[in-house]
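Construct all of the structure, not just a fragment, from the sequences and the given hints.
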Amino acid sequence: MDNLFKSSGLLEGLEEAREKFQLTEEMMEYLYNLGRRATGNIVRSLEPEVRRIVRKEMARESEVEKCRRSLVIQDPESWLEAEKATAGFNLADRVTAAINKATNGMVAVTEAFVMRASRAEGPSGASRAGGPPPAVHVTFASGGQKGCWYQVLAAMHRMGGKEAEKARRIYCRDSFPKDKLAAAKELAAKGLALKKKGAITSYRVKAQGPGCIPVL
7 MDNLFKSSGL LEGLEEAREK FQLTEEMMEY LYNLGRRATG NIVRSLEPEV RRIVRKEMAR
67 ESEVEKCRRS LVIQDPESWL EAEKATAGFN LADRVTAAIN KATNGMVAVT EAFVMRASRA
127 EGPSGASRAG GPPPAVHVTF ASGGQKGCWY QVLAAMHRMG GKEAEKARRI YCRDSFPKDK
187 LAAAKELAAK GLALKKKGAI TSYRVKAQGP GCIPVL
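For the sequence shown, the working numbering assigns the number 7 to the initial residue and increments by one for each residue that follows.
If a hint is listed, it holds; no wrong ones were tucked in.
In silico lysine to aspartate or glutamate, EDC-like type, Cα no more than 16 angstroms apart, as pairs:
id : residue 1 : residue 2
1  : 184       : 71
2  : 168       : 89
3  : 172       : 81
4  : 107       : 89
5  : 184       : 63
6  : 72        : 117
7  : 186       : 67
8  : 184       : 69
9  : 168       : 87
10 : 184       : 67
11 : 172       : 89
12 : 72        : 185
13 : 212       : 192
Ranges between beta-carbon positions, derived for each pair:
id : residue 1 : residue 2 : range
14 : 23        : 48        : 15 to 25 angstroms
15 : 26        : 71        : 53 to 63 angstroms
16 : 120       : 207       : 22 to 32 angstroms
17 : 114       : 48        : 45 to 55 angstroms
18 : 71        : 121       : 16 to 26 angstroms
19 : 157       : 119       : 21 to 31 angstroms
20 : 117       : 35        : 55 to 65 angstroms
21 : 24        : 46        : 21 to 31 angstroms
I should point out that these hints are in silico values taken from the structure, not numbers from a laboratory.
For every residue, glycine included, the Cβ atom is placed at its ideal position computed from N, Cα and C.
Written out as structure tokens, the structure is:
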């Protein structure tokens, strides 16, 4: 508070007032204390709003940091059909086990949970009961490990045979902060429309840069 009071310019103003109005030391002390109290009142009135803004910004930074190392695996059930050893377990746990198996333990999944995919984002349209197929949100220990997962998928495609067939059943998209979801969905719909027209064979909405900006 003292630093704010000193940087406000009030001290310089008091010195000008001393010279202009010939103020006594008692008057100067009174005005000085009055200025400090006023500054303190302003600071205390702003504290709740400042705390709210700081908490909001910290939460947003945390969300963006998590998105940088996360992705969504959509409609993973067809990929998991061959994973008989984990049959009966939760879908998110099965995906975690399958990722560990495919990467030979090169990555660590720190969180996985089941979510619902958007029709525009999904590779296979509606599933049973007419709704979109389930999806699993996966968070890796680092952004580098997320990149390693994509490298493993590319290697599976290059191997051909059963591995390539398995990789073709794994449809991934990047994770986006809440304030970027609408833009990501619009780009996904655009990509799907281009694919249906035959203009492209595949597409991906990528989270680009530190802010996870959606790019088609």
